[in-house]
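Protein sequence lines, in the order shown, are assigned to chains A and B.
So for the first sequence, this note's numbering puts the first residue at 4; every next one is plus one.
So for the second sequence, this note's numbering puts the first residue at 4; every next one is plus one.
Since the hints were derived computationally from the structure, they do not count as laboratory data.
Since this is a predicted model, take the numbers as computed values, not measurements.
Check the hints yourself; a few may be wrong.
Copies of the same chain look alike in the list, so a pair counts if it fits in one copy or across any two.
Here are the simulated DSSO-like cross-link-like pairs (lysine-lysine), alpha carbons at most 30 Å apart as the crow flies [as the list claims (entries may be wrong)]: (1) Lys203 <-> Lys67; (2) Lys160 <-> Lys203; (3) Lys160 <-> Lys67; (4) Lys164 <-> Lys184; (5) Lys184 <-> Lys160.
For reference, the chains in residue letters:
Number of protein chains: 2
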Amino acid sequence: MTSRPVLTFWYEFASTYSYPAAMRIDDMARAAGVDVIWRPFLLGPVALQQQGWTDSIFNTIPAKGRYMWRDLERICAAEGLAFNRPPIFPQNTLLATRIAHLGEAEAWIAPFSRAVYEANFAHGHDISDPDVLSRILHRFGLNAGEVISRAQDRRNKDSLKARSEEALAHDIFGAPSFVAKGELFWGFDRLPQALAWALKD
Amino acid sequence: MTSRPVLTFWYEFASTYSYPAAMRIDDMARAAGVDVIWRPFLLGPVALQQQGWTDSIFNTIPAKGRYMWRDLERICAAEGLAFNRPPIFPQNTLLATRIAHLGEAEAWIAPFSRAVYEANFAHGHDISDPDVLSRILHRFGLNAGEVISRAQDRRNKDSLKARSEEALAHDIFGAPSFVAKGELFWGFDRLPQALAWALKD
Chain A
4 MTSRPVLTFW YEFASTYSYP AAMRIDDMAR AAGVDVIWRP FLLGPVALQQ QGWTDSIFNT
64 IPAKGRYMWR DLERICAAEG LAFNRPPIFP QNTLLATRIA HLGEAEAWIA PFSRAVYEAN
124 FAHGHDISDP DVLSRILHRF GLNAGEVISR AQDRRNKDSL KARSEEALAH DIFGAPSFVA
184 KGELFWGFDR LPQALAWALK D
Chain B
4 MTSRPVLTFW YEFASTYSYP AAMRIDDMAR AAGVDVIWRP FLLGPVALQQ QGWTDSIFNT
64 IPAKGRYMWR DLERICAAEG LAFNRPPIFP QNTLLATRIA HLGEAEAWIA PFSRAVYEAN
124 FAHGHDISDP DVLSRILHRF GLNAGEVISR AQDRRNKDSL KARSEEALAH DIFGAPSFVA
184 KGELFWGFDR LPQALAWALK D
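Only chain A is shown next, with the shape it has when bound in the complex:
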């Protein structure tokens, strides 16, 4: 029995280019015959430790920010994705990421994550709001109160913290990042190359 090729998808809910990646990766991977491991993580602690940054470079360098928003708008138009520039950027993604981390081994991680991205980048909702996250969890038939409570268990919180260390060990410095056979790819525009790498002999 040969195992199917695998791609690990590292994403941060506040990350703008992670939005099209999250919306498209499952379809693109299915077409390529690659399995996707969804790996939510908090980019903030990674950026702080690696770069000393406490805010997004898209805020600290306004010209870069203006470009990114326009570029993202063009990408979403090309991919047929709804897009509205969110009123808050970057959002506080701690609770959403803890929930997604709890769901890593569950079937709902991908649809939950896509719904959080749509709430952020299509509907302009505050994704740090437990009510917003509860409504999304309900939509997938989950007991939101119980999930949110378990997401904030020490064990889940510590396990998510370890993901930032793991990201640093992979030399990940941004999101979305893709890892295939030890090779790192960064950015939605590198997703086709990452899938091709996963298929290499």
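Once you've looked at the hints, dock chain B against the given chain A.
Just chain B now, kept in the frame of chain A:
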């Protein structure tokens, strides 16, 4: 008579992703039916004014640098371009850029620029060395001494300085950048989209 679509190609000789862009843009633009305006500029003054940066982000954030060199290696392999990580990064590109600026209206600007990129990213030469640049100029049948002397005229130097102001006015923050019909695209990976934009009605 309708005018042909045009793309302005802003490049910096020290910029790593400008290398594949410089090597491929004329062929890709020809295939698309787009004319290219080669526009060399100094990214240093732009980055300093806009970002407060005095060194490349690929040096100041080592994980980002390691990724970029590997990514560039993969791109060059895919594009069939020779690549050897240069011993000096970023190189001092003042003289090379002054020469290229002098040649903006001349037929030699594209082949000269490609040769400077190859000297930097394929052959590991010091492109701040007037002898290296002279040999390239000779190759294109130019009087190197005369060109280098004219490149350092006050008029040419001031005119090149004005290009950095023009870059800032276009909201350019990196290289390679492409401008088509007032729309900005950044990075070699956006060249196909930039060409498509140039062709829009």
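Against the structure, the hints:
1. Lys203 <-> Lys67: This pair counts as between: shortest inter-copy Cα distance 24 Å, intra-copy 35 Å.
2. Lys160 <-> Lys203: neither (35 Å within a copy, 50 Å between copies)
3. Lys160 <-> Lys67: between (33 Å within a copy, 27 Å between copies)
4. Lys164 <-> Lys184: The answer is within: 24 Å in one copy meets 30 Å, while 46 Å across copies does not.
5. Lys184 <-> Lys160: Result: close within a single copy only, 28 Å intra versus 49 Å inter.
Of the numbered hints given earlier, the model fails hint 2 alone.
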